[in-house]
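Fit chain B to the known structure of chain A by using the hints.
From first to last, the protein sequence lines stand for chains A and B. Under our numbering, residues 65 to 609 are what the first sequence spells out, in order. Under our numbering, residues 65 to 609 are what the second sequence spells out, in order.
Just so you know, the hints here were simulated from the structure itself, not pulled from any lab data. Please note: incorrect hints may appear among the correct ones.
The list treats identical chains as one, so a pair stands whether inside a single copy or across any two.
[What the hints assert, rightly or not] Here are the computed lysine-lysine pairs in the DSS-like style, where the Cα-Cα straight-line distance is at most 27 Å:
(1) Lys278 with Lys326
(2) Lys260 with Lys339
(3) Lys517 with Lys309
(4) Lys530 with Lys601
There are 2 protein chains.
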Amino acid sequence: MEKQYIKKDLVADWESLQRIFIRPEDDASRETLIKYMEQILFGLHDFLNKNVGVTEAISLKALTDLYKETVISPHPEKKLADVISDIIQGIAPRAVNVASPYFVGHMTAAIPFFMVHLKAIVAALNQNVIKLETSKVLSVLEKQVLAKIHRLIYKNSEIFYHTHVQSTDTTLGSFTTGGTTANLTALWVARNLLLKPFDRFQGVEAQGMAEALKAYSLDKAVILASPRGHFSLKKAGGILGIGHKNVIPVDVDAHHRVDVLKLNRRIVDLKKNGKIGIMAVVGIAGATETGIVDPLDAIADVCEDHGLHFHVDAAWGGPVMLSERYAFKLKGIERGDSVTIDGHKQFFMPMTCGMVYFRDPLAMDAIAYHANYVNREGSVDLGIKTLEGSREANSLILDSSLKIMGTRGYGLMVDHGIETAQGFSRAIHARELFEMVTEPELNILTYRILPPKIKEQILSASPGEKEKLEDRVNQLNIKVQREQREAGKSFVSRTRIRQGTKDTEGQVVLRAVIMNPMTDMDILNEVLDEQEEIAKKILQSPEPF
Amino acid sequence: MEKQYIKKDLVADWESLQRIFIRPEDDASRETLIKYMEQILFGLHDFLNKNVGVTEAISLKALTDLYKETVISPHPEKKLADVISDIIQGIAPRAVNVASPYFVGHMTAAIPFFMVHLKAIVAALNQNVIKLETSKVLSVLEKQVLAKIHRLIYKNSEIFYHTHVQSTDTTLGSFTTGGTTANLTALWVARNLLLKPFDRFQGVEAQGMAEALKAYSLDKAVILASPRGHFSLKKAGGILGIGHKNVIPVDVDAHHRVDVLKLNRRIVDLKKNGKIGIMAVVGIAGATETGIVDPLDAIADVCEDHGLHFHVDAAWGGPVMLSERYAFKLKGIERGDSVTIDGHKQFFMPMTCGMVYFRDPLAMDAIAYHANYVNREGSVDLGIKTLEGSREANSLILDSSLKIMGTRGYGLMVDHGIETAQGFSRAIHARELFEMVTEPELNILTYRILPPKIKEQILSASPGEKEKLEDRVNQLNIKVQREQREAGKSFVSRTRIRQGTKDTEGQVVLRAVIMNPMTDMDILNEVLDEQEEIAKKILQSPEPF
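In isolation and in its complexed conformation, chain A is listed as follows (with noise of 0.2 Å):
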């Protein structure tokens, strides 16, 4: 398959080299180049339509064939037009559009066409912030858009963030590349500041946690979290060396919000022990399957009276902050010690960039590393304290977006997915086919297919029968999500949702993600009445689901 490219005439020496490294081989290749540059950089939502995740479906399978082949060509296999014209051809069709307005199970969604300009100008500058000798402005610029989020979230005084947007002292938060080590740098900050070094003890990072443990007395360190939050929760957990088990998932409510009661009682709990150090309390601003936001300003007053580290994770529900009706959903986030807020959700920018921010600009220095050849104490390199080593420049995306869009603007985009949330949820109720499993607090709601019949037959069932009925629910809602997601026009996803904190299979349910500005109530509409003809359907078969 790949063999019928290989071109004999493309030979790797020098010259074709340092020539290939600067401009395209010819003009023909120039033009493509251009052809395809002109509709990525500025028809690029007109681009993704026509030529993303347009292919027939394919099976797995056949796909997998496709890209088996394992040996590098040692000469050039195909001129850089070729390689374009093959990813546009041959890689986009075969891509999903997460563009689609009709696309709605995903929280990777459409991006503003100018992100792409952005991302390129980032690339062709390719600064690493890791050192200031690497990124100059690119460090300066960071802390300042790192002071501008902090104070979204904090509100601190106009004189606290003159003191400290450069200052070299302090670190009001970092970029990171995503959620995922946003949480693990604020537990591995919590972790730290838990096992602190006192006396002739140098503290968990220098010793471990064997012997941090022991120097505290303690017999293990436990993390509280909602089990509905983000596994990266528990990945943290085992990566920090605490364990993943003691990532304890504390009590939920019927709307799978923390119990603030429960969790005061377990906490309580957990310091009569007297041998158990809690690390930290996470509660969440938009959980992954269901957007509920935790009580979080009773989760604070909490940690406040017992002394502990409250961690927001609000990776997905972060910017909600901006609008100016829904803000208030997030009341409580500036009360966390650390908070995990990410780029390429709703601030809408390209993959890949999380951020982590701490009330306390000292906080980050108990993960600080010094390297002779990165930095020297006191100096701005912003790899001092950062999990990842070389970063890419991504404050100046969000910088740029801030500034082309406003505040205003982003809020504006909140209360779009909000809203329309509400209506189609609105929209599931009034069909009686469906059934609402969690209400959108946020823009992402669950809901489920669940035939009237078969409704009735569960209020009446016996335990037993109730648990086949169940299950034969949750293989339809199944058979529903994978035909429509194979069908390639539309596609929700799909979870299960437990109750409470048991450990149980639980409920099959599709999910929806309104984050699109493209996205409405027409076209919502099509995709419930998509999933009615694909469940009918499967009804009146007379094969059994």
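Chain B in isolation, oriented as in the chain A frame:
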């Protein structure tokens, strides 16, 4: 400063927001964008030389004063075209021209112009390879590219790669966001393999370090690594809960390479203790400061004898495998249980891309996580066994570049770097004002300015005098490097080289990294001329230095 730009006529409303999401506000904006994007995409290196890092010296203080405003405007501050113009005219001139062939102090260098095209395409597609649902063919392609590079390293059989390239049960490696997270991933796997589940112990990942050491009757776990290793190794020790003090520097020889006999003795001693678990031994292929390569084959022998995990940090040196002339220098890399290679270093990709590979296709099972809404067991979702969550499709960039340049194209760049560094070394030897410190095993070398008069004095000085003289030489080198950097025409970096594992301050050296294919001996002689000139001026000045 920022205020003057606020355009009162820019208002965030839903209509204008939807418009700016998909295209420039007006024709004038479009024109501006086209002008700049054309320069960036088709005249990258001219553009960089003309626009980047061209501002006269500005003190860091003066620069930071320009970036202190921390309030985000509610309404759009600027039109898109103005934002882009500001970046080109205001930010770029104060960034660092990492692409200049005179800037030979970074590991961040010029990238081929087409990398910017590829990055723009990746941003436009905005796939998230954490899961098949948001990436489809890009997940499949990533597995193929991982297999291609795995094959470069490990050279297993055709049937091995046929079996694993698209297998959903096995994993040959992972893209990461850089060498730091690649090293962290490798050591995370090594930790979990050492302290794996048995009987009723569920493994370190689940139960944490303290329980794990108890279960294995150990006092601590350690990593043995060259003291010339990257600081991310220590950081990994800290993050993983083993403690960075337990990343133990092993002895090196006079050439800064791991002393294998002493390594072996160290391991024997540690094992005799009986209470210390050795998690991994780390060999470096291209040390950050000196470019040296540890005796990988011999270290592999030792690790094999003792049954230890051997990690090779080839973040820098990895692509030397592509050189027909110098691949031999990495002999033994194929015996690494895990190998780190950076994409944004000698694969000439834009920030940020790292990779980690594992010899055993089942090794990464040790770090597998599952989440209902993300991935189901046995799926092809790439997010199951990675440190990072969301990730962009960087494999598309590497794959394309390999097709455009071939392994031989990359090999020629490697050859150029190494041979130019050798030429640079000869030029340094030929000048009496300079002293070579570490010869270029690959394309990195360190040297220093050592005036012949002072050199003679050092030879005949008492220990106390000697120290004072060495300190003077250090100060001279610091001054020269700083003045050259501030003059802005060329750049070498500066670090300190210690002898052995001693925790002394070490000798100040100038460090050159020759990776830009445009850097040649004429340029390097100019760099040395400039250093001589600055040094002589300092030496002749009546002021002490």
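A quick look at each hint next to the structure:
no.: 1; hint: Lys278 with Lys326; result: neither (29 Å within a copy, 32 Å between copies)
no.: 2; hint: Lys260 with Lys339; result: both (17 Å within a copy, 25 Å between copies)
no.: 3; hint: Lys517 with Lys309; result: neither (42 Å within a copy, 65 Å between copies)
no.: 4; hint: Lys530 with Lys601; result: within (24 Å within a copy, 90 Å between copies)
Checked against the numbered hints above, the structure breaks hints 1 and 3 and satisfies the rest.
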